[in-house]
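Can you make the complete structure from the sequences, with help from the hints?
Protein chains: 4
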Amino acid sequence: MDSIEQLISLFERFPGIGPRQAQRFVQFLLRSSPSLRREFVEAVQSLGGSVRQCPQCMRFSSTSAKVCSMCSNPQRDPKFLAVVASDSDIAALERGGTYRGYYFVLGGTVSLASEKTNGLRIKQLLDSIPARLKAGLVEVILAFPANPEGDATAIQVREAILKNHQGDALMLTALGRGLSTGSELEYADPETIKSALESRR
Amino acid sequence: MDSIEQLISLFERFPGIGPRQAQRFVQFLLRSSPSLRREFVEAVQSLGGSVRQCPQCMRFSSTSAKVCSMCSNPQRDPKFLAVVASDSDIAALERGGTYRGYYFVLGGTVSLASEKTNGLRIKQLLDSIPARLKAGLVEVILAFPANPEGDATAIQVREAILKNHQGDALMLTALGRGLSTGSELEYADPETIKSALESRR
Amino acid sequence: MDSIEQLISLFERFPGIGPRQAQRFVQFLLRSSPSLRREFVEAVQSLGGSVRQCPQCMRFSSTSAKVCSMCSNPQRDPKFLAVVASDSDIAALERGGTYRGYYFVLGGTVSLASEKTNGLRIKQLLDSIPARLKAGLVEVILAFPANPEGDATAIQVREAILKNHQGDALMLTALGRGLSTGSELEYADPETIKSALESRR
Amino acid sequence: MDSIEQLISLFERFPGIGPRQAQRFVQFLLRSSPSLRREFVEAVQSLGGSVRQCPQCMRFSSTSAKVCSMCSNPQRDPKFLAVVASDSDIAALERGGTYRGYYFVLGGTVSLASEKTNGLRIKQLLDSIPARLKAGLVEVILAFPANPEGDATAIQVREAILKNHQGDALMLTALGRGLSTGSELEYADPETIKSALESRR
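Protein chains in written order, with UniProt numbering: chain Z, 1 to 201; chain V, 1 to 201; chain A, 1 to 201; chain L, 1 to 201.
Read the hints as simulated data drawn from the structure, not as lab findings. As the structure is a prediction and not an experimental result, all values here were calculated from the model. Treat the hints loosely; a few may be bogus.
Because identical chains share one entry, a pair is satisfied inside a single copy or across any pair of copies.
[Said to hold, decoys possible] Cut-off 20 Å, straight-line C-alpha distance, at most; resulting in silico cross-link-like pairs (EDC-like, lysine to aspartate or glutamate):
id, residue 1, residue 2
1, Lys-194, Glu-139
2, Lys-123, Glu-139
3, Lys-116, Glu-159
4, Lys-79, Glu-198
5, Lys-194, Glu-184
6, Lys-194, Asp-77
7, Lys-194, Glu-94
8, Lys-66, Glu-5
9, Lys-66, Asp-2
10, Lys-79, Asp-127
11, Lys-79, Glu-139
12, Lys-163, Asp-151
13, Lys-134, Asp-77
14, Lys-66, Asp-127
15, Lys-134, Asp-168
See the structure below:
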């Protein structure tokens with residue numbers, strides 16, 4: 001296999017990329033300047049170097065400090081901890097513009113086929129809670145997607161926390177369900193209608 | 001214009017129907033049995049006869065009684081009145097399975113271009129409230145779509161009711177916003193994320 | 001079932017119409033003027049009266065004459081007969097703007113599950129050919145969709161005609177395959193590429 | 001800008017990639033094994049090394065030989081030369097399974113805004129034709145997309161070749177137009193219908 005075909009087959013392993021887009025990526029790189037290709041190679045190489053997983057929130061970031069810039073930010077509110085499935089959900093919550101608490105990246109959602117929590121960092125989350133309680137934590141927000149996997153994950157995380165912190169004054173909440181921006185009643189599913197009625201105000 | 005072309009052009013005036021689907025409808029009717037066509041004609045004709053608008057909720061229904069079967073149903077809860085834009089929103093709320101109150105069909109939403117409430121039955125809604133209060137009404141739920149037109153309509157209806165019932169113990173609520181079923185955080189708009197955080201529980 | 005629900009369930013039998021669009025159609029008719037509803041009813045009723053199937057091409061049209069306006073048009077070229085699956089394919093070929101021959105509507109395509117030609121008017125087509133040959137017919141164009149059902153139909157019609165007209169100077173052709181307007185090579189399937197190469201010129 | 005953000009912004013320059021997919025690619029690489037990242041880096045680096053453009057067909061391939069494996073393949077038929085817009089169109093024609101001639105990659109299509117042929121290798125194509133004629137070339141197939149840009153490119157290439165080879169017995173053809181696999185007549189545009197009728201057989 002020559003290097004073009006090898007790179008195509010590597011791009012095919014990227015999420016959501018099929019053979020044609022993989023081929024287009026390689027054509028794009030072939031037509032790019034050597035300096036852009038060099039920049040690209042260096043950026044990929046530096047992922048293995050400067051990038052590391054923050055030991056507190058578990059997200060990836062490139063920093064020489066021990067913890068990431070968010071976890072070390074004293075402006076964030078220690079009363080709140082949002083548990084999310086993946087790094088990109090942090091960006092989504094930040095776009096909302098109102099959340100000022102800390103984050104913890106669980107690393108995925110429960111697979112419904114297996115109901116297993118393999119690979120999810122539930123233990124690390126539990127281990128981090130005592131220190132967070134001391135720092136003022138009062139509410140853990142389970143910010144998972146509004147789908148069966150997200151619901152199953154919320155149930156498992158909730159149970160695990162409740163078992164460990166039965167006596168503690170720790171509130172466990174989930175993101176509210178209802179009509180998303182743009183929703184028309186006519187096209188809303190019964191579950192969303194039900195939630196929208198329950199959370200009316 | 002022959003009768004096939006005339007019927008095609010009439011179907012083209014139906015909501016969401018273009019020339020090709022209009023043609024397909026006519027082909028469908030041409031291939032149908034004469035008895036199905038007769039049944040269809042009779043059903044359309046009866047819209048002009050037995051169908052009328054309920055004077056209480058303003059929805060269309062076919063009944064010989066004065067008010068529709070929903071408004072005359074003593075099992076419904078008079079404490080709640082859901083104000084909706086159109087007849088089909090009633091079906092959507094009923095699909096939710098939890099709402100047991102009454103309805104009022106406003107007949108549309110405010111047009112953002114004009115900000116006018118022409119054609120909306122705000123006056124009829126206001127006129128119906130005193131009798132509903134006597135019957136036990138405590139909450140008016142503004143159940144409009146989660147879009148700018150729905151929001152503008154809610155503002156106008158809210159103001160009109162507040163002006164008329166300042167002293168009355170009448171609660172005004174709106175359907176809750178948040179993640180709809182199936183939403184992933186990553187694709188949610190900032191407004192929905194904000195609402196989902198506010199309405200967490 | 002009241003007349004609104006009955007009309008909704010009738011509209012649900014229309015091709016491509018689900019419960020929500022059926023409901024919207026009924027709301028549209030409810031809000032329409034009585035005169036539009038009357039016009040609509042009359043157009044549907046006239047399908048059973050003035051509309052009939054042309055005994056030559058088998059398409060539906062409303063005329064008091066024996067054969068349809070196309071089959072009785074002396075400007076059409078008797079050398080060509082296009083055999084199509086349905087009435088709407090006639091409109092498609094006419095939009096092309098170059099075909100001046102006659103048509104025959106077969107009434108569908110072969111079902112691949114059954115390989116049966118039930119309901120297809122192959123016998124009527126065969127019966128019509130002798131008179132068409134006398135009138136100057138030299139080419140039968142099999143104008144079926146470019147899919148497996150269309151291909152299977154072409155095979156059956158071709159065989160039936162060949163069996164009956166082995167000695168006759170009758171040409172049997174099919175619509176050309178190749179790149180459709182807008183096609184890019186990259187997204188074209190191998191069969192289309194192959195046809196485009198074969199029919200190059 | 002840290003290395004994660006830098007790599008995201010580099011991926012955003014890839015064709016068809018927006019900020020979210022760029023972020024997902026970086027997450028994918030972060031979660032990948034160091035050996036996969038190394039393999040990836042080496043494949044990109046080798047594009048600048050072993051890969052070069054074939055001086056005959058102008059496509060990119062990785063070879064130490066002077067010309068690419070296709071141009072040096074004596075099994076290919078020198079009677080035919082397919083002129084294509086880009087490298088990926090070669091793959092498309094090969095998928096057809098019937099073309100055995102040689103290729104020439106023009107490097108794009110004419111931009112309709114400018115009608116300019118800047119960057120297209122029309123001169124290199126012309127320069128290559130005398131040697132190809134000596135080797136037996138009889139037909140140049142203009143294999144461009146079936147869109148206005150492709151048509152404009154075909155016109156320009158055709159004119160350039162005709163001007164240079166007026167006396168030569170060189171056939172100039174284009175890929176056939178017609179119904180693509182899966183096309184139904186009802187949805188085909190008039191131009192495609194017209195071509196399908198013209199190229200019937």
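Now for the hints, and whether the structure bears them out:
no., hint, result
1, Lys-194 / Glu-139, "between (25 Å within a copy, 17 Å between copies)"
2, Lys-123 / Glu-139, "within (18 Å within a copy, 45 Å between copies)"
3, Lys-116 / Glu-159, "within (14 Å within a copy, 52 Å between copies)"
4, Lys-79 / Glu-198, "between (26 Å within a copy, 15 Å between copies)"
5, Lys-194 / Glu-184, "both (14 Å within a copy, 19 Å between copies)"
6, Lys-194 / Asp-77, "between (32 Å within a copy, 17 Å between copies)"
7, Lys-194 / Glu-94, "between (27 Å within a copy, 9 Å between copies)"
8, Lys-66 / Glu-5, "between (40 Å within a copy, 19 Å between copies)"
9, Lys-66 / Asp-2, "between (42 Å within a copy, 15 Å between copies)"
10, Lys-79 / Asp-127, "within (17 Å within a copy, 48 Å between copies)"
11, Lys-79 / Glu-139, "within (6 Å within a copy, 34 Å between copies)"
12, Lys-163 / Asp-151, "within (18 Å within a copy, 43 Å between copies)"
13, Lys-134 / Asp-77, "within (13 Å within a copy, 48 Å between copies)"
14, Lys-66 / Asp-127, "within (18 Å within a copy, 62 Å between copies)"
15, Lys-134 / Asp-168, "within (11 Å within a copy, 47 Å between copies)"
Every hint, counting from the list given before, is met by this structure.
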